[in-house]
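Peer 1: Below are the chains, spelled out letter by letter.
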Amino acid sequence: MKTTMIALALLGLALTVIPSVLVFLNRLDWQTHAHLMLLGTVLWFATAPLWMRDVKK
Amino acid sequence: MPNAPVSPLVARLDHLYEFDREPVTPDKLQGAGNFIGVYSGEHIAGTEFVIGPLFVAHGVSAIDLFAGLLVGNLLAVLSWAFIVAPIAVRTRLNQYWLLRKITGPYLLFVYNIVNALMFCFLAGSMISVSATAVGLPFDMVMPSLNDLYPNSLTWVVVVLIVGGLVTALAILGFEKLAHFSKIAAPWMMLVFIAAPLAVLPQLGVTSFADFWRVANEKIWTGVPLAGQTKFTFWHIMFFAWFCNMAMHLGMADLTLLRYARKWQYGFLSAFGMYLGHYLAWISSGILCAAALGNIAPGPIAYLGAGVSGALCVVIAGWTTANPTLYRAGLALQTATPNWKRWKVTLAAGAVTTIAALFPALMMKLLDFVALYGLLLMPMGAVIFADYWLFPKLKLCANFAEMQSLRFSWPAGLTWGLTLLFAFALPLEIFFKGLPAWFCAVALYLGFSFIQQKCFAGGKA
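Residue numbers (this note's numbering), protein chains in the order written: chain G, 131 to 187; chain R, 869 to 1328.
What the hints contain is simulated information worked out from the structure, not anything from laboratory work. Please note: incorrect hints may appear among the correct ones.
[Stated by the list, open to error] To give a feel for the contact side, a few chain R residues facing chain G, derived at Cβ under 8 Å:
| # | residue |
| --- | --- |
| 1 | W1055 |
| 2 | L1058 |
| 3 | V1059 |
| 4 | L1065 |
| 5 | A1066 |
| 6 | G1174 |
| 7 | S1176 |
| 8 | L1179 |
| 9 | P1294 |
Note that the Cβ used here is the ideal one computed from N, Cα and C, for glycine as well.
Produce the complete structure using the sequences and hints provided.
Peer 2: If you want it as structure tokens, here you go:
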């Protein structure tokens, strides 16, 4: 379960940044990039809190 | 150490910091990874969305920006590594308890109040930043570079709502939000990379080879906007060095670095500097140029990353306003006897929100950040002199504690006179910090010499 959550969170981060690279390379339009980035954002915030440890100082 | 009667004020003050009164024990020391996380998170804040565009507005050239940030951030890292970290790992005390030994509790009380007000204004600027993103769906008229006062009713309403929410969440659960900010940090960093990448084609950059030409012609053109002073390499270098002056030369980060296993962990501040204060400032400058000189953080982030960009502005502003508000509350609590923490945080939140109503706080952020560091820096110079120079000059370190003094007049005079000296200097505020630091060290040595040699054995 934890591994799946980590994988989804990393996919979220990938969707946050990779579409912008494709826009820069003229392989993707800006609107699709914004939608994919939002999907990545939702994925990250939905899954990262489930496995990132709350380290107390 | 002689025992002195403890006044109610001193007792209240000490009680607030009681939980970390003792030096950090070896089992509490933290690894390098923790410091990388803390520094990266703390220095990727909502205000990064403002600072980059302000550099553009001040007409810095591309070479001055890149070189100035490179050198200035390096100097900041060296300040953390060589000024703060060695004292932090030797004393293992936080700034409060170390200063208390040197300045006495009454002067520390004054320092705490000044610190609290600065924290309120800093948090206020972050709320203003968030408000520019929250106002996007309502077609809010964004504050412009020269706006000092609220520019519309919508702005006032949005700031009040954002300020109210940030304050409420700070009251309800500071620790959970601190964890949330750690979760948000890697994502925010990627938004700072993605947003400018997506707008570079609009500026005419279609390959990496185009970047430097476009950077000079369209982004950092070397021409300031109307009414703005021209920034040079030196402005950028000193700003990058001193924008966190309260943390390094001012020694506030003793509180953080006392957990470091080795003093070399001070170098890990490079993660905050080169991700937050290099990459993020360059990114937001690119976004500003793509937005045709628009300074408001919400719209420029939306331009690069759509809804995610606007969310990033809100989250970056909120997650950094929250701990700042918490620290302000902690410092203010010393002046509010018997107030519960929630009530103090509410008061700090009210001051913060009122400050946030004024766009001047955001639009003059460079000056405010420089002033904030300058105001608090002299106490860091006092700690430096007391710790390193006093033993070499055969002066007694921690004199206030040794003599049970409640107010160290050498430290108090040093603080006041250093600020007078700094404000009298005919220099722009960004350049005052360095001469003022040397002035503070010299004054403190001189006054302490008079105190300890002329009043030896007595309570001077």
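Peer 1: Looking back at the numbered hints, which does the structure fail to meet, lowest number first?
Peer 2: 9
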